[in-house]
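If you read the protein sequences in the order shown, they are chains A and B.
Residue numbers for the first sequence follow the numbering used here, beginning at 1 and rising by one.
Residue numbers for the second sequence follow the numbering used here, beginning at 1001 and rising by one.
Please keep in mind that the hints were generated in silico from the structure rather than gathered at the bench.
Just so it is clear, the structure is predicted and the values come from calculations on it, not from any experiment.
Each statement offered as a hint is correct.
Below, a list of computed lysine to any residue pairs in the SDA-like style, where the Cα atoms sit at most 20 Å apart:
1. B:K1055 / A:R74
2. B:K1055 / A:R77
3. B:K1055 / A:G78
4. B:K1059 / A:R68
5. B:K1059 / A:R77
6. B:K1178 / A:V10
7. B:K1055 / A:L72
8. B:K1059 / B:T1082
9. B:K1178 / A:A39
10. B:K1055 / A:Q76
11. B:K1055 / A:R68
12. B:K1178 / A:L48
13. B:K1178 / A:R14
14. B:K1178 / A:E44
15. B:K1178 / A:A47
16. B:K1059 / A:R70
17. B:K1178 / A:A50
18. B:K1178 / A:V16
19. B:K1178 / A:A45
20. B:K1178 / A:L38
21. B:K1137 / A:L48
22. B:K1178 / A:A41
23. B:K1059 / A:Q76
24. B:K1055 / A:R70
25. B:K1137 / A:D17
26. B:K1059 / A:R74
27. B:K1178 / A:D17
28. B:K1055 / A:M67
29. B:K1178 / A:A43
30. B:K1059 / A:A73
31. B:K1055 / A:P63
32. B:K1055 / A:A73
33. B:K1059 / A:G78
34. B:K1059 / A:L72
35. B:K1055 / A:L75
Just a sample of chain B residues kept apart from chain A, beta carbon distances all over 10 Å, derived:
36. L1008
37. A1068
38. L1085
39. T1133
40. C1161
Backbone N, C-alpha and C define an ideal beta-carbon position, used for all residues, glycine too.
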Amino acid sequence: MSDPKQVDSVTIARYVDAEMSSAEQVAFEARLRAEPALAEALAEASALRAVFAVARTEEPPVPCGVMRARVLARLQRGAGTEVASSMDGRVERVARWCVLAAAAVFVAALLFVTGVLRLPDSGQLQADSGAELIRALDAQIQAAENVRRPLGR
Amino acid sequence: MRTDEDDLIAQAAAGDHGAFGTLVDLHGARIHRLMSRFTRDPGELEDLTQEVFVKVFRKLGTFQRDSAFYTWLYRIAVNTATDYLSRQRRRRLHLVETDAELEAVRTHERTAGSATPLLEEEVRRVTREVLGTLPEKYRTILILREFEDLSYTDMASVLQCSMGTVESRLFRARQRFKEALERQYPDLVPQFAAVKPRGGMSPR
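Chain A on its own, in the form it takes in the complex:
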């Protein structure tokens, strides 16, 4: 606000908007008589004010006659909606878990039926698998021994 022109404009605005004290007003009007440039700036500000004064004569739209009833209904509906929405939230969470559980069961069943997932049908299978594993390990040890021998270790 150090610009003298802006300071004057703010002062003019305060005068036009009737925001001055009586003493300020008297002092400003004395300046107006002495400073034509200030009077010119005031005329410009008053012209803009006149534009707004015309614009504000527009009839505002009439509020609907049942505003009170609508606001109160909205308040009651709002309270009801809050309760309903928290209920809805709980129901929704339970439903989501149910759907997920059902989907998991379905996928497991599908894998089982298609043979991708097989349950061990006897202890023999496990024993056979264990024996095969031991045989494979023995073969690998033997192979390693064969490699070491020619190197003279």
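Starting from the structure of chain A, add chain B where the hints point.
Quick look at chain B alone, frame taken from chain A:
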């Protein structure tokens, strides 16, 4: 001194819908008029006005009585309008006239016989349109001052800023309005300079 309004506020804050309904009756038209400066769509206007009062009811417990109730109401209304404007901006819509309204004005321009009412209508239309192009903070302060006739003190209370900020922002807002008017409607500016309101200008 405790007023009837204070009692209504206290009762409404305690959850009394009847008392709050009376407050809506007392201030509804004023808030409706204020919101009509931000939207011209009748449905949105009703909706926004109701939204203001729903917020007021929910916040009544926070009303400190360090300002007048109506300035507190205005504060909530202005914040609601600001939210509305930013939603509108996102939707890339202007808050000025709809196409239908613009067409109605154009038709009126073509058919109207009297020059003075036409100029007044033009002033109203152009003012709305230019206001709609200003940044929200300038538009709001012009609405509060030029249309709602709020004092600087009340504007400071509504906008929660200092008197100095009100003065400088109002100055800039008027400057921006004038520049936009001259830029967008250079032909109309000389006519506007001769405009005089019919009932005279208040307060000076």
